[in-house]
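Visitor: Here are the chains, one letter per residue:
2 protein chains.
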Amino acid sequence: MFESDEHLKLQDNVIDEVKKLGFAKHTFSEVILTIKYEDIVNLAPIGVLLLGSNLYCKIYSNSKIYRFFKKGIRDCVLNITDDPIMFYNAIFEKRKVALAPSSLVTSPRVKECVAYVECRVDYTEDRRECMDVFMNPIFAESIKSYPGTYKRAGPAIIEALIIYTKIEHFKTVDRVKAEHFFEKIKTFREIVYHSSTKKEYRQTIDEILKMSEAILRS
Amino acid sequence: MFESDEHLKLQDNVIDEVKKLGFAKHTFSEVILTIKYEDIVNLAPIGVLLLGSNLYCKIYSNSKIYRFFKKGIRDCVLNITDDPIMFYNAIFEKRKVALAPSSLVTSPRVKECVAYVECRVDYTEDRRECMDVFMNPIFAESIKSYPGTYKRAGPAIIEALIIYTKIEHFKTVDRVKAEHFFEKIKTFREIVYHSSTKKEYRQTIDEILKMSEAILRS
Ligand SMILES: Cc1cc2nc3c(=O)[nH]c(=O)nc-3n(C[C@H](O)[C@H](O)[C@H](O)COP(=O)(O)O)c2cc1C
Ligand SMILES: Cc1cc2nc3c(=O)[nH]c(=O)nc-3n(C[C@H](O)[C@H](O)[C@H](O)COP(=O)(O)O)c2cc1C
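Sequence order for the protein chains is E and B. Count along the first sequence from 1, then add 114; that gives the number in the working numbering. Count along the second sequence from 1, then add 114; that gives the number in the working numbering.
A hint or two may mislead.
Any copy, or any two copies together, can satisfy a pair, since identical chains are not distinguished.
To be verified - Pairs of lysine-lysine residues, derived as DSSO-like cross-links and limited to a Cα-Cα distance of at most 30 Å, are as follows:
no. : residue 1 : residue 2
1   : Lys208    : Lys258
2   : Lys185    : Lys298
3   : Lys324    : Lys313
4   : Lys298    : Lys312
5   : Lys313    : Lys134
6   : Lys133    : Lys225
7   : Lys280    : Lys298
Since the hints were made in silico from the structure, they are not lab data.
One chain only, chain E, in its complex shape:
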């Protein structure tokens, strides 16, 4: 009896933390999801909602992470950052992403994020094109917390990344739409160039454009 009360109390606190971190029912939070299957770690940017006491995400079947979930994943970590370079590395340079051990789960954390939510995978439902994943947050930790100014370049890079990950799919399904996506990446490139002369940002958006072009022309 006592133990189950304690457990409930712990869960309550975690949900409060998760809400405080900005997870919500109506607006997706974009995080970097880390999982571990046997000895293999994988990570990818994923959009997450808070539905009741569950965190929810939808994993499309064209990703490696989908295949891992299909094999059976027990836990995962939601790594919270708004650093566009981290989002970029989570797709293009997974090996560059520095990892650190988690507190309660076997899946690792991504170093240098501002907060972490460690989760048990509660329930998955495999559909044709994607998988619904419901997670139970069991531990939340905030690391850094200094307010920062709003910059346009980061979100523009993140939007370009999202489009990039869709081009592969649409290239075969809808060529015109894929070309249209390419134009959109150019728009985001303009935003980056217009709002920042930072080399790293400009190189990153150029790289995304190049990779998108490579997919389209292949």
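With the hints as your guide, set chain B with the ligands onto chain E.
Guide: What follows is chain B with the ligands alone, placed relative to chain E:
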């Protein structure tokens, strides 16, 4: 001698704070600028760079705030937030924006921002189409600081606002470009709708689209 040392020390600290808040040389920080001219307060979203020990912004001549700077403004506040609704209100609903007194300057703060930088206006240079404004930060204060998840909807609304403020100008100069801007706002509307079902966000982006259409069709 002592006094001037103290002064230098104070300034040093402020610049450190300003850097910590994310102001940088290579990437614009988008803030809400507040000014006071005689008894009139005005505010607007503005992009700011940190150049040496100066904060710098460029104010286009089609704004009210430009005319105030032309009349002579002694101080201002850079209000730091990433809340898209605040950016929206700073353009469309200026009266709705709650203000609070500053610590060292006569220009007020915008309530509920995460940080504030109070500045003396150091030097302005009027060009034909715009005015270069160099500010001296004299006091910086951080209020709230809890890490938050990254959400796509906010930046999309802010980008739509930026486009909106350009349509009026391009409507007379370059009609084709203005129509093109309108299409871009639609793209950002898609991002908002795709990443959030939050009423306030959806209404806000719809409003921006409506206002843009009204300008174009007028
Ligand atoms: C900000 C952002 C959010 C994303 N959200 C999702 C998502 O919710 N579901 C999904 O399946 N893919 C999403 N993606 C795409 C995946 O991250 C991408 O396909 C990734 O390369 C998959 O890696 P993997 O093949 O190693 O699993 C997102 C990408 C970005 C940049
Ligand atoms: C995020 C953002 C950044 C902006 N940056 C600038 C800027 O750097 N310079 C400028 O003149 N206008 C900028 N604008 C446009 C002005 O905020 C806009 O023209 C405003 O309505 C001016 O208000 P006023 O006419 O009351 O002065 C920006 C708008 C947004 C949404």
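Visitor: The structure should be examined with respect to each hint, and the outcome stated for every one.
Guide: Here is how each hint holds up against the structure:
1. Lys208 x Lys258: Within one copy only: 23 Å inside a chain, 33 Å across chains, cut-off 30 Å.
2. Lys185 x Lys298: neither (35 Å within a copy, 41 Å between copies)
3. Lys324 x Lys313: Within. Shortest intra-copy distance 16 Å satisfies the 30 Å Cα cut-off; inter-copy 37 Å does not.
4. Lys298 x Lys312: both (21 Å within a copy, 24 Å between copies)
5. Lys313 x Lys134: between (34 Å within a copy, 20 Å between copies)
6. Lys133 x Lys225: both (22 Å within a copy, 23 Å between copies)
7. Lys280 x Lys298: both (12 Å within a copy, 19 Å between copies)
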